[in-house]
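Chemist: Sequence:
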Amino acid sequence: MPSLRQLLAAHAPLLLIDAASARVQVGWLTGEGAARWENSDATAGIGIFRGVESLGINVRDAGAFLFCEGPGSVLGIRTSAMALRTWCVIAPRPVFAYGSLALTAHALGRGDTTVIADARRDSWHCFQLGGVLRRVPTAELAGELALPENFRHWSPLPAGVARVPYSLAEMLRRVADVELFHATDAPDAFLHEEPSYATWTPKIHRAPAGP
62 MPSLRQLLAA
72 HAPLLLIDAA
82 SARVQVGWLT
92 GEGAARWENS
102 DATAGIGIFR
112 GVESLGINVR
122 DAGAFLFCEG
132 PGSVLGIRTS
142 AMALRTWCVI
152 APRPVFAYGS
162 LALTAHALGR
172 GDTTVIADAR
182 RDSWHCFQLG
192 GVLRRVPTAE
202 LAGELALPEN
212 FRHWSPLPAG
222 VARVPYSLAE
232 MLRRVADVEL
242 FHATDAPDAF
252 LHEEPSYATW
262 TPKIHRAPAG
272 P
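Just so it is clear: in the sequence shown, position 150 is 211 by this note's numbering, and no numbers are missing.
It should be emphasised that the hints constitute simulated quantities derived from the structure, not laboratory data. It is possible that part of the hints are untrue.
Quick list of simulated restraints, FRET-style, between CB atoms [as the list claims (entries may be wrong)]: (1) R97 / A152: 18 to 28 Å; (2) E231 / A70: 13 to 23 Å; (3) G172 / T147: 35 to 45 Å.
Every residue, glycine too, gets a C-beta built ideally from N, C-alpha and C.
Please model the entire structure based on the sequences and the hints provided.
Modeler: Encoded structure:
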């Protein structure tokens, strides 16, 4: 898994898209410590393309794409993935994904803090330094908890959870050497497991039998 510093050395300039939170962040990274950012509170379908336009860049000039695969807003993440798949059809480039909670945890640098995001149905995505991404019921959450700012939640927040910044411009400076990224040929939203579907057998509707 490469670090940001390694990706910059191999592929700069990089176009980064993060729509995991309610605030869309688009970055144009041209070298170590050299980046321009545009943020938008519009929906991902508007904010992503408005960000690229505001940066005044040509997507074809990107040496590689970076994007957040989640956890977070599934609609925002899948909108990001759709844009990247389209741009790669026009001109193939490497795509690298990273996790929102892993990035936040490494930027915080506090091993005793669990970073969480809503996983629906009274459960939470959880990541702690030195561990792996897990899904945990609310009743089993313990210790210091942190929720990235601008992340939506549908379940009531756990007691004592702290809001922490989710600013890519600041966080990436702190984690430039952390191996957070992985290559993907099929950008999409992170899933703990593939969805399963029940088999349905069609039947002809018949009127109930008479007395």
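Chemist: Hints first: check each against the structure and report whether it holds.
Modeler: Structure-based check of each hint:
no.: 1; hint: R97 / A152: 18 to 28 Å; verdict: holds (21 Å)
no.: 2; hint: E231 / A70: 13 to 23 Å; verdict: holds (22 Å)
no.: 3; hint: G172 / T147: 35 to 45 Å; verdict: holds (40 Å)
Violation of the numbered hints given earlier is absent; every hint is satisfied by the structure.
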